[in-house]
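S.K.: Chains as they are written, first to last, in the UniProt record's numbering: chain A, 1 to 191; chain B, 1 to 191.
A few of these clues could be false.
Pairs involving identical chains hold if they fit within one copy or between any two copies, as the list cannot separate such chains.
[As the list claims (entries may be wrong)] Listed below are the simulated SDA-like cross-link pairs for lysine to any residue, each with C-alpha atoms no more than 25 Å apart in a straight line:
(1) K87 <-> E179
(2) K122 <-> N69
(3) K78 <-> D136
(4) K29 <-> F123
(5) K122 <-> M12
(6) K122 <-> R5
(7) K53 <-> H31
(8) K53 <-> R5
(9) K87 <-> L6
(10) K53 <-> H28
(11) K29 <-> V145
(12) K29 <-> I176
(13) K122 <-> I9
These aren't lab readings, by the way, just hints derived from the structure by calculation.
Number of protein chains: 2
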Amino acid sequence: MTPERLQRINAMLDQRQPDLTVCMEGVHKTHNLAAVVRTADAIGVSDVHAVWKNEQMRVSGGSAAGSQNWIDVHSYTKTEDAIAQLKAQNMQVLVTNLSDTAVDFREIDYTKPTAIILGQEKFGASETALTLADQDIVIPMVGMVQSLNVSVACSVVLYEAQRQRQAAGLYNTPRISEERRQRFLFEGGHP
Amino acid sequence: MTPERLQRINAMLDQRQPDLTVCMEGVHKTHNLAAVVRTADAIGVSDVHAVWKNEQMRVSGGSAAGSQNWIDVHSYTKTEDAIAQLKAQNMQVLVTNLSDTAVDFREIDYTKPTAIILGQEKFGASETALTLADQDIVIPMVGMVQSLNVSVACSVVLYEAQRQRQAAGLYNTPRISEERRQRFLFEGGHP
Ligand SMILES: C[S@@+](CC[C@H](N)C(=O)[O-])C[C@H]1O[C@@H](n2cnc3c(N)ncnc32)[C@H](O)[C@@H]1O
Ligand SMILES: C[S@@+](CC[C@H](N)C(=O)[O-])C[C@H]1O[C@@H](n2cnc3c(N)ncnc32)[C@H](O)[C@@H]1O
Chain A
1 MTPERLQRIN AMLDQRQPDL TVCMEGVHKT HNLAAVVRTA DAIGVSDVHA VWKNEQMRVS
61 GGSAAGSQNW IDVHSYTKTE DAIAQLKAQN MQVLVTNLSD TAVDFREIDY TKPTAIILGQ
121 EKFGASETAL TLADQDIVIP MVGMVQSLNV SVACSVVLYE AQRQRQAAGL YNTPRISEER
181 RQRFLFEGGH P
Chain B
1 MTPERLQRIN AMLDQRQPDL TVCMEGVHKT HNLAAVVRTA DAIGVSDVHA VWKNEQMRVS
61 GGSAAGSQNW IDVHSYTKTE DAIAQLKAQN MQVLVTNLSD TAVDFREIDY TKPTAIILGQ
121 EKFGASETAL TLADQDIVIP MVGMVQSLNV SVACSVVLYE AQRQRQAAGL YNTPRISEER
181 RQRFLFEGGH P
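Take these sequences, add in the hints, and give me the full structure.
M.R.: If you want it as structure tokens, here you go:
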């Protein structure tokens, strides 16, 4: 690894936000999976969780454009297991959902440890996710379409989290453990 | 048309922002085109502009999910013509661009009449667009990927515009002309 590349990777790791994550529940279109992982990487998310409704699915290549080496993807077959894992990490669990009772996504404090659940393209988030999550959130819409694309919804919420975390100084000092840094450097530096 | 549907359409038209628009320069993947139009509709954009590098292209169906009837799509074969048209409408023309000289997208005043140019998936915005636009803007990224998906970039900027316009009261009173309202009602109400 050249010194420039080592410096670039360390600078990226210095901005990682280990207590901000996304959980995709049954999202299955490749371009959506790729766009979610790509945006997560861009704002410094270090871990992405995915509940697969179908064994063959996995985060695949395409336009995720190399971000997978730098993000840990955690897979589950059941929503309950994913949410239990997130709660064990003391995260507030938010589920993006198109309901009248959901709160505006900008009212949330994303400087707290936070997990954002994204629902499946066609059916949205499951009843299980809605029951177990702490809060449902909605992105306001004033047009004729009934929902946003899932990767678009993800990015609108993540960039609000990025805005709040930047204002709170959460990007100013490194936040991942030394052990994780070494593992990322080892795995990513020697492909 | 039922009274409920008429009311729903009028409520949507009451929120339209005729002086906020997007111009896609050579964007060609169907799912990206669809996601851009869908997000534009969701925040109240009434017109979308597109420069087609290829005659066969057009905004196609899929997950734009019926928003096309409610958005006017203006097509061009040359970037110069699109930008001249936007400037004739007294819009500030912004181009999303990954350069060191671009300003952070949150520094812009989107309550002014504004057009946002989006570049092609692989090559980005053209030299012509960069030369003719008033300003280039960038969405900050701190990861390893080099760019965001184009529909993601579009939505992050549009929701910042929506936030500013909502705070400024631009969604509080109808802003489209009576003539346009009647045309939308006629075309959309009788498919
Ligand atoms: C295409 S939508 C699912 C639509 C589904 N018919 C429903 O009612 O939930 C796919 C996912 O995108 C996210 N999403 C889309 N639009 C959203 C919005 N306006 N607010 C919050 N989340 C949204 C949610 O995660 C949703 O589960
Ligand atoms: C995949 S990018 C194009 C990448 C191309 N290699 C380049 O350097 O421009 C496609 C479009 O998405 C938008 N985009 C993606 N990431 C962006 C960012 N961080 N800031 C501003 N615009 C972005 C721009 O409109 C860009 O032209």
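S.K.: Work down the list of hints and note, for each, if the structure agrees.
M.R.: Results for each hint:
For the identical chains of this complex, K87 and E179 are intra-copy neighbours only, at 23 Å inside a copy versus 54 Å across copies, given an alpha-carbon limit of 25 Å. Taking the closest pair of Cα atoms, K122 and N69 come within 25 Å of each other only across two copies (21 Å); inside a single copy the shortest separation is 29 Å, beyond that limit. For the identical chains of this complex, K78 and D136 are intra-copy neighbours only, at 19 Å inside a copy versus 44 Å across copies, given an alpha-carbon limit of 25 Å. In this assembly of identical chains, the alpha carbons of K29 and F123 lie at most 25 Å apart whether taken from the same copy (13 Å) or from different copies (24 Å).
For the homomeric pair K122 and M12, the shortest alpha-carbon distance between copies (23 Å) is at most 25 Å, but the shortest distance inside one copy (34 Å) is not. When the C-alpha separation of K122 and R5 is checked against a cutoff of 25 Å, the pair qualifies only between copies, where the shortest distance is 24 Å, while the shortest distance within a copy is 41 Å. Taking the closest pair of Cα atoms, K53 and H31 come within 25 Å of each other both inside a single copy (17 Å) and across two copies (22 Å). Neither within a single protomer nor between protomers do K53 and R5 lie at most 25 Å apart by alpha-carbon distance, with minima of 38 Å and 36 Å respectively.
Neither within a single protomer nor between protomers do K87 and L6 lie at most 25 Å apart by alpha-carbon distance, with minima of 34 Å and 45 Å respectively. For a Cα distance limit of 25 Å, the shortest separation of K53 from H28 inside one copy, 9 Å, qualifies, whereas the shortest one across copies, 30 Å, does not. Taking CA atoms no more than 25 Å apart as the test, K29 paired with V145 passes in both settings, with 20 Å inside one copy and 20 Å between copies. For the identical chains of this complex, K29 and I176 are neighbours neither inside a copy (30 Å) nor across copies (37 Å), given an alpha-carbon limit of 25 Å.
For the identical chains of this complex, K122 and I9 are inter-copy neighbours only, at 24 Å across copies versus 37 Å inside a copy, given an alpha-carbon limit of 25 Å.
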